[in-house]
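According to our numbering, the residues represented by the sequence shown are 37 to 397, in order.
The set of hints was computed from the structure by calculation and includes no laboratory data.
Below 30 Å or equal to it, Euclidean Cα-Cα: the simulated DSBU-like pairs (lysine-lysine) are: (1) K243 <-> K387; (2) K308 <-> K264; (3) K245 <-> K142; (4) K69 <-> K201; (5) K243 <-> K142; (6) K69 <-> K387; (7) K374 <-> K297; (8) K245 <-> K92; (9) K89 <-> K386; (10) K89 <-> K201; (11) K92 <-> K201; (12) K92 <-> K243; (13) K386 <-> K245; (14) K142 <-> K387; (15) K142 <-> K89; (16) K308 <-> K118; (17) K243 <-> K201; (18) K69 <-> K308; (19) K69 <-> K92; (20) K297 <-> K118; (21) K142 <-> K264; (22) K374 <-> K118; (23) K243 <-> K69; (24) K264 <-> K297; (25) K201 <-> K386.
Distance ranges between label pairs, derived from CB positions: (26) A115 <-> S183: 30 to 36 Å; (27) G88 <-> Y295: 28 to 34 Å; (28) D281 <-> T390: 46 to 52 Å; (29) N355 <-> D127: 39 to 45 Å.
Computed from a prediction, not measured in an experiment: that's the story for all the values here.
All C-beta atoms in this analysis are idealised placements derived from N, C-alpha and C, irrespective of residue type, glycine included.
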Amino acid sequence: MKRILLPVGVAGLVAASLAVPASAAPKLGTSAKLATPAAAADTLEFWTADGGKNLKAAAPYGLEHARVPKHVSTGGPAADGKPGVVPAIGDEAKPTTSSKNVNLPKSAGRVFFTLGDSLFSCSASSIQSAYKNLVATAGHCAYDLESNASVVGHWVFIPGYYQGKAPWGVYVGKTAYTHYDFSVYEDIDRDFAFVTVYNGITWSEDKWKDVGRLGDNVGGLGFAYNQKVGQNVFVFGYPTAAHPDGDYTYTGSTMKWCYGKPVYPVAEKSVKAEEHMALRCSLTGGASGGPWIIKYSSTARKGYLNGVSSLGGDTDGNNRSDLITSPYFDGETYAVYKTAAPLWSGSIVKKDGTLGITEVK
37 MKRILLPVGV
47 AGLVAASLAV
57 PASAAPKLGT
67 SAKLATPAAA
77 ADTLEFWTAD
87 GGKNLKAAAP
97 YGLEHARVPK
107 HVSTGGPAAD
117 GKPGVVPAIG
127 DEAKPTTSSK
137 NVNLPKSAGR
147 VFFTLGDSLF
157 SCSASSIQSA
167 YKNLVATAGH
177 CAYDLESNAS
187 VVGHWVFIPG
197 YYQGKAPWGV
207 YVGKTAYTHY
217 DFSVYEDIDR
227 DFAFVTVYNG
237 ITWSEDKWKD
247 VGRLGDNVGG
257 LGFAYNQKVG
267 QNVFVFGYPT
277 AAHPDGDYTY
287 TGSTMKWCYG
297 KPVYPVAEKS
307 VKAEEHMALR
317 CSLTGGASGG
327 PWIIKYSSTA
337 RKGYLNGVSS
347 LGGDTDGNNR
357 SDLITSPYFD
367 GETYAVYKTA
377 APLWSGSIVK
387 KDGTLGITEV
397 K
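The whole structure should be built from the sequences, with the hints applied where relevant.
What follows is the structure, encoded as C-alpha coordinates:
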(Lines of atoms letter the chains of each structure in order from A and count residues from 1; the text may use other names and numbers.)
(Lines give C-alpha, C1' and ligand atoms only; values in the text may rest on other atoms or scores of the structure.)
Protein backbone atom coordinates (compact mmCIF):
# COMPACT_ATOMS: atom_id res chain seq x y z
CA MET A 1 0.00 0.00 0.00
CA LYS A 2 1.21 3.49 -0.77
CA ARG A 3 1.13 5.73 2.25
CA ILE A 4 1.89 9.27 3.26
CA LEU A 5 3.06 10.32 6.70
CA LEU A 6 1.97 13.61 8.21
CA PRO A 7 3.76 14.27 11.50
CA VAL A 8 0.89 16.32 12.91
CA GLY A 9 1.19 17.68 16.40
CA VAL A 10 -0.25 21.10 16.49
CA ALA A 11 -2.27 22.49 19.30
CA GLY A 12 -4.76 25.08 18.07
CA LEU A 13 -2.98 28.32 18.80
CA VAL A 14 -6.19 30.25 18.24
CA ALA A 15 -9.21 29.83 20.44
CA ALA A 16 -12.70 29.88 18.97
CA SER A 17 -13.28 33.31 20.50
CA LEU A 18 -10.71 34.75 18.10
CA ALA A 19 -12.54 33.59 14.98
CA VAL A 20 -13.44 36.28 12.46
CA PRO A 21 -17.05 36.58 11.25
CA ALA A 22 -17.61 35.24 7.76
CA SER A 23 -18.36 38.70 6.48
CA ALA A 24 -15.04 40.12 7.68
CA ALA A 25 -11.92 40.37 5.54
CA PRO A 26 -9.72 37.28 5.90
CA LYS A 27 -6.92 37.46 8.44
CA LEU A 28 -3.43 36.35 7.46
CA GLY A 29 -2.02 35.88 10.91
CA THR A 30 -3.08 34.50 14.28
CA SER A 31 -1.15 34.11 17.51
CA ALA A 32 -1.34 32.56 20.95
CA LYS A 33 0.81 32.39 24.06
CA LEU A 34 2.94 29.29 24.55
CA ALA A 35 4.35 30.17 27.97
CA THR A 36 4.44 33.05 30.45
CA PRO A 37 7.72 33.51 32.34
CA ALA A 38 6.29 31.48 35.22
CA ALA A 39 5.14 28.70 32.89
CA ALA A 40 8.47 28.86 31.08
CA ALA A 41 10.21 27.87 34.30
CA ASP A 42 7.98 24.82 34.60
CA THR A 43 8.59 23.96 30.95
CA LEU A 44 12.36 24.11 31.32
CA GLU A 45 12.35 21.94 34.41
CA PHE A 46 10.01 19.47 32.72
CA TRP A 47 12.52 18.75 29.94
CA THR A 48 15.77 19.00 31.89
CA ALA A 49 14.88 17.01 35.02
CA ASP A 50 16.48 13.61 35.57
CA GLY A 51 19.23 14.20 33.05
CA GLY A 52 16.85 15.10 30.23
CA LYS A 53 14.85 11.88 30.57
CA ASN A 54 11.80 13.37 28.84
CA LEU A 55 13.87 14.65 25.90
CA LYS A 56 15.08 11.14 25.20
CA ALA A 57 11.55 9.72 25.48
CA ALA A 58 9.94 12.09 22.97
CA ALA A 59 8.48 10.52 19.82
CA PRO A 60 7.63 12.07 16.44
CA TYR A 61 3.97 13.08 16.26
CA GLY A 62 2.64 11.40 13.12
CA LEU A 63 -0.46 10.26 11.31
CA GLU A 64 -0.49 8.04 8.25
CA HIS A 65 -2.76 8.86 5.34
CA ALA A 66 -4.00 6.38 2.77
CA ARG A 67 -3.38 8.66 -0.18
CA VAL A 68 -0.15 9.50 -1.95
CA PRO A 69 0.93 13.04 -2.88
CA LYS A 70 -0.31 13.56 -6.42
CA HIS A 71 1.60 15.65 -8.93
CA VAL A 72 -0.76 18.08 -10.61
CA SER A 73 0.17 19.23 -14.11
CA THR A 74 -1.57 22.60 -13.93
CA GLY A 75 -2.27 25.16 -11.23
CA GLY A 76 -0.53 24.93 -7.91
CA PRO A 77 1.46 27.46 -5.91
CA ALA A 78 2.33 30.75 -7.51
CA ALA A 79 4.01 33.96 -6.40
CA ASP A 80 1.54 36.60 -5.25
CA GLY A 81 4.02 39.45 -5.74
CA LYS A 82 7.64 40.23 -6.44
CA PRO A 83 10.31 37.88 -5.03
CA GLY A 84 11.76 39.07 -1.75
CA VAL A 85 14.46 38.11 0.74
CA VAL A 86 15.46 39.03 4.28
CA PRO A 87 19.23 38.67 4.92
CA ALA A 88 20.52 36.09 7.36
CA ILE A 89 21.88 37.21 10.73
CA GLY A 90 25.42 38.48 10.17
CA ASP A 91 25.37 37.82 6.42
CA GLU A 92 29.17 37.58 6.44
CA ALA A 93 29.45 35.68 3.17
CA LYS A 94 27.49 35.28 -0.03
CA PRO A 95 25.48 32.04 0.11
CA THR A 96 26.65 29.34 -2.26
CA THR A 97 26.02 25.64 -2.85
CA SER A 98 29.40 24.86 -4.41
CA SER A 99 31.04 23.35 -1.31
CA LYS A 100 31.74 19.62 -1.57
CA ASN A 101 31.40 19.20 2.19
CA VAL A 102 28.09 19.88 3.91
CA ASN A 103 28.58 21.58 7.26
CA LEU A 104 25.39 21.42 9.29
CA PRO A 105 23.76 24.76 10.16
CA LYS A 106 24.06 25.88 13.77
CA SER A 107 20.66 27.52 13.34
CA ALA A 108 18.78 24.20 12.93
CA GLY A 109 17.64 22.14 15.87
CA ARG A 110 14.98 20.03 17.50
CA VAL A 111 11.62 21.05 18.96
CA PHE A 112 10.00 19.26 21.90
CA PHE A 113 6.41 19.61 23.14
CA THR A 114 3.59 17.74 24.86
CA LEU A 115 0.02 16.82 23.97
CA GLY A 116 -1.72 15.63 27.09
CA ASP A 117 0.63 13.15 28.74
CA SER A 118 2.48 12.32 25.50
CA LEU A 119 5.90 13.66 24.53
CA PHE A 120 6.68 14.61 20.92
CA SER A 121 9.41 16.14 18.77
CA CYS A 122 9.81 18.07 15.51
CA SER A 123 12.56 20.08 13.83
CA ALA A 124 12.97 23.84 13.40
CA SER A 125 15.46 26.66 12.72
CA SER A 126 16.49 30.07 13.98
CA ILE A 127 15.73 32.89 11.53
CA GLN A 128 16.38 36.61 11.25
CA SER A 129 14.36 38.92 13.51
CA ALA A 130 14.69 42.27 15.25
CA TYR A 131 15.58 40.75 18.64
CA LYS A 132 17.22 37.55 17.32
CA ASN A 133 14.60 35.43 19.06
CA LEU A 134 12.55 33.81 16.29
CA VAL A 135 12.14 30.16 15.28
CA ALA A 136 10.48 28.77 12.14
CA THR A 137 8.81 25.36 12.11
CA ALA A 138 5.76 23.55 10.74
CA GLY A 139 2.38 24.77 11.95
CA HIS A 140 1.53 21.27 13.16
CA CYS A 141 4.57 21.46 15.47
CA ALA A 142 2.90 24.27 17.43
CA TYR A 143 -0.89 23.77 17.10
CA ASP A 144 -3.04 20.78 17.95
CA LEU A 145 -5.17 20.28 14.84
CA GLU A 146 -6.90 17.26 16.32
CA SER A 147 -8.40 19.02 19.34
CA ASN A 148 -8.26 22.56 17.90
CA ALA A 149 -8.33 23.73 21.49
CA SER A 150 -5.02 25.20 22.60
CA VAL A 151 -1.33 25.42 21.92
CA VAL A 152 0.84 22.40 22.53
CA GLY A 153 2.40 22.21 25.98
CA HIS A 154 5.98 22.62 27.18
CA TRP A 155 7.30 23.89 23.81
CA VAL A 156 11.10 24.27 23.62
CA PHE A 157 13.70 24.63 20.87
CA ILE A 158 17.21 23.16 21.18
CA PRO A 159 19.53 24.34 18.39
CA GLY A 160 22.28 21.92 17.44
CA TYR A 161 20.71 19.12 19.49
CA TYR A 162 23.11 16.18 19.51
CA GLN A 163 22.65 12.91 21.35
CA GLY A 164 20.71 14.45 24.20
CA LYS A 165 22.94 17.53 24.51
CA ALA A 166 21.99 21.21 24.17
CA PRO A 167 25.28 22.89 23.13
CA TRP A 168 23.78 26.41 22.93
CA GLY A 169 21.11 26.14 25.59
CA VAL A 170 17.37 25.49 25.71
CA TYR A 171 14.94 28.12 24.37
CA VAL A 172 11.40 28.13 25.74
CA GLY A 173 8.68 29.24 23.32
CA LYS A 174 6.84 32.45 24.21
CA THR A 175 4.27 33.08 21.45
CA ALA A 176 3.49 31.22 18.21
CA TYR A 177 2.21 32.80 14.99
CA THR A 178 0.52 31.02 12.12
CA HIS A 179 -1.68 31.70 9.10
CA TYR A 180 -5.39 32.09 9.86
CA ASP A 181 -6.32 29.46 7.25
CA PHE A 182 -4.15 26.90 9.02
CA SER A 183 -5.31 27.40 12.60
CA VAL A 184 -8.99 27.86 11.69
CA TYR A 185 -9.52 25.79 8.52
CA GLU A 186 -6.68 23.25 8.95
CA ASP A 187 -5.28 24.25 5.55
CA ILE A 188 -2.01 22.31 5.25
CA ASP A 189 -0.96 24.57 2.38
CA ARG A 190 -0.26 27.03 5.23
CA ASP A 191 1.56 24.53 7.46
CA PHE A 192 4.15 26.90 8.92
CA ALA A 193 4.62 28.72 12.22
CA PHE A 194 6.93 31.39 13.60
CA VAL A 195 7.66 31.19 17.33
CA THR A 196 9.27 33.83 19.52
CA VAL A 197 11.49 32.34 22.25
CA TYR A 198 12.92 33.58 25.53
CA ASN A 199 16.69 33.84 26.02
CA GLY A 200 18.49 30.53 26.18
CA ILE A 201 18.96 28.74 29.49
CA THR A 202 21.59 26.32 30.75
CA TRP A 203 22.48 24.79 34.13
CA SER A 204 25.80 25.85 35.61
CA GLU A 205 27.27 25.75 39.12
CA ASP A 206 24.00 24.62 40.72
CA LYS A 207 21.92 27.43 39.26
CA TRP A 208 20.24 28.43 36.03
CA LYS A 209 22.21 30.69 33.70
CA ASP A 210 20.94 32.98 30.94
CA VAL A 211 23.09 32.29 27.85
CA GLY A 212 21.60 35.12 25.79
CA ARG A 213 19.57 35.48 22.64
CA LEU A 214 19.13 32.68 20.15
CA GLY A 215 20.43 34.58 17.12
CA ASP A 216 23.51 35.81 18.98
CA ASN A 217 24.45 32.21 19.80
CA VAL A 218 23.66 30.31 16.60
CA GLY A 219 22.89 32.98 14.00
CA GLY A 220 19.72 32.88 11.96
CA LEU A 221 18.72 32.07 8.40
CA GLY A 222 17.48 34.70 6.02
CA PHE A 223 13.92 34.51 4.71
CA ALA A 224 12.89 34.17 1.06
CA TYR A 225 9.41 34.30 -0.46
CA ASN A 226 7.77 34.36 -3.90
CA GLN A 227 10.76 32.47 -5.23
CA LYS A 228 10.87 30.38 -8.40
CA VAL A 229 10.34 26.70 -7.55
CA GLY A 230 13.12 24.37 -8.69
CA GLN A 231 16.13 26.06 -7.12
CA ASN A 232 18.57 23.71 -5.41
CA VAL A 233 17.57 23.30 -1.79
CA PHE A 234 19.09 21.75 1.33
CA VAL A 235 16.63 20.26 3.82
CA PHE A 236 17.74 19.60 7.39
CA GLY A 237 15.95 17.85 10.21
CA TYR A 238 15.90 15.21 12.93
CA PRO A 239 14.12 12.14 11.54
CA THR A 240 13.06 9.82 14.35
CA ALA A 241 10.25 7.57 13.14
CA ALA A 242 10.77 4.18 11.53
CA HIS A 243 10.19 3.65 7.82
CA PRO A 244 6.81 2.04 7.02
CA ASP A 245 8.53 -1.37 6.93
CA GLY A 246 9.56 -0.92 10.58
CA ASP A 247 13.24 -0.19 9.97
CA TYR A 248 14.57 2.43 12.38
CA THR A 249 17.20 3.96 10.12
CA TYR A 250 17.19 7.15 12.22
CA THR A 251 17.21 7.81 15.96
CA GLY A 252 16.47 11.53 16.22
CA SER A 253 19.71 12.06 18.12
CA THR A 254 21.58 13.64 15.19
CA MET A 255 20.74 16.02 12.35
CA LYS A 256 20.33 14.65 8.81
CA TRP A 257 19.90 16.34 5.42
CA CYS A 258 18.69 15.98 1.84
CA TYR A 259 19.53 17.98 -1.29
CA GLY A 260 17.88 18.48 -4.66
CA LYS A 261 15.49 20.47 -6.81
CA PRO A 262 11.85 20.54 -5.61
CA VAL A 263 8.94 20.12 -8.00
CA TYR A 264 5.37 21.41 -7.69
CA PRO A 265 2.46 21.34 -7.39
CA VAL A 266 1.80 18.31 -5.21
CA ALA A 267 -1.64 17.54 -3.79
CA GLU A 268 -2.61 15.46 -0.74
CA LYS A 269 -6.34 16.08 -0.61
CA SER A 270 -6.99 13.94 2.46
CA VAL A 271 -5.32 16.66 4.54
CA LYS A 272 -6.23 19.75 2.48
CA ALA A 273 -2.84 20.13 0.81
CA GLU A 274 -2.99 21.10 -2.87
CA GLU A 275 -0.06 23.46 -3.38
CA HIS A 276 3.02 21.87 -1.85
CA MET A 277 6.54 21.62 -3.20
CA ALA A 278 8.01 18.10 -3.12
CA LEU A 279 11.54 16.72 -2.85
CA ARG A 280 12.81 13.15 -3.15
CA CYS A 281 14.12 12.49 0.35
CA SER A 282 14.04 9.63 2.86
CA LEU A 283 13.67 11.67 6.06
CA THR A 284 10.93 10.28 8.31
CA GLY A 285 8.72 11.65 11.10
CA GLY A 286 10.50 14.00 13.48
CA ALA A 287 11.94 15.95 10.54
CA SER A 288 8.70 17.97 10.36
CA GLY A 289 9.36 21.69 10.58
CA GLY A 290 12.97 21.35 9.43
CA PRO A 291 14.25 24.17 7.20
CA TRP A 292 14.30 24.15 3.38
CA ILE A 293 17.24 26.42 2.58
CA ILE A 294 18.10 27.93 -0.80
CA LYS A 295 21.52 29.41 -1.58
CA TYR A 296 22.99 27.57 1.39
CA SER A 297 26.65 28.32 2.15
CA SER A 298 28.29 25.32 3.78
CA THR A 299 31.19 27.56 4.79
CA ALA A 300 29.08 30.26 6.46
CA ARG A 301 26.39 27.74 7.44
CA LYS A 302 23.63 30.06 6.35
CA GLY A 303 21.22 30.74 3.53
CA TYR A 304 17.56 31.66 3.01
CA LEU A 305 14.65 29.79 4.55
CA ASN A 306 12.23 29.02 1.70
CA GLY A 307 10.09 26.25 3.21
CA VAL A 308 9.59 23.87 6.15
CA SER A 309 9.01 20.12 6.02
CA SER A 310 5.33 19.29 6.29
CA LEU A 311 4.30 15.97 4.73
CA GLY A 312 6.35 12.89 3.98
CA GLY A 313 6.16 9.19 3.36
CA ASP A 314 6.21 6.27 0.93
CA THR A 315 5.08 6.99 -2.65
CA ASP A 316 6.17 3.90 -4.58
CA GLY A 317 4.75 1.20 -2.34
CA ASN A 318 8.03 -0.33 -1.14
CA ASN A 319 7.40 0.62 2.50
CA ARG A 320 10.33 3.09 2.59
CA SER A 321 9.86 6.84 3.02
CA ASP A 322 10.98 8.59 -0.16
CA LEU A 323 9.31 12.00 -0.40
CA ILE A 324 8.88 15.12 1.72
CA THR A 325 6.90 18.28 0.97
CA SER A 326 6.74 21.92 2.05
CA PRO A 327 4.16 24.68 1.71
CA TYR A 328 5.12 27.35 -0.84
CA PHE A 329 6.33 30.55 0.82
CA ASP A 330 4.52 33.53 -0.74
CA GLY A 331 3.63 37.07 0.31
CA GLU A 332 1.10 35.83 2.86
CA THR A 333 3.80 33.71 4.49
CA TYR A 334 5.97 36.80 4.66
CA ALA A 335 3.09 38.73 6.27
CA VAL A 336 2.88 36.19 9.11
CA TYR A 337 6.67 36.22 9.48
CA LYS A 338 6.70 40.03 9.51
CA THR A 339 4.15 40.04 12.35
CA ALA A 340 6.41 37.93 14.57
CA ALA A 341 9.84 39.26 13.52
CA PRO A 342 9.82 42.62 15.42
CA LEU A 343 8.63 41.27 18.79
CA TRP A 344 10.71 41.08 21.95
CA SER A 345 10.90 38.15 24.40
CA GLY A 346 13.51 38.72 27.12
CA SER A 347 14.95 36.59 29.91
CA ILE A 348 13.31 34.22 32.40
CA VAL A 349 16.28 34.00 34.80
CA LYS A 350 16.41 36.02 38.01
CA LYS A 351 19.64 37.49 39.38
CA ASP A 352 19.82 34.70 41.98
CA GLY A 353 19.74 32.04 39.25
CA THR A 354 16.13 30.99 39.82
CA LEU A 355 13.47 31.07 37.12
CA GLY A 356 10.27 32.98 36.49
CA ILE A 357 11.26 36.65 36.38
CA THR A 358 8.49 39.06 35.47
CA GLU A 359 8.88 40.40 31.95
CA VAL A 360 10.37 43.90 31.89
CA LYS A 361 11.66 45.25 28.60
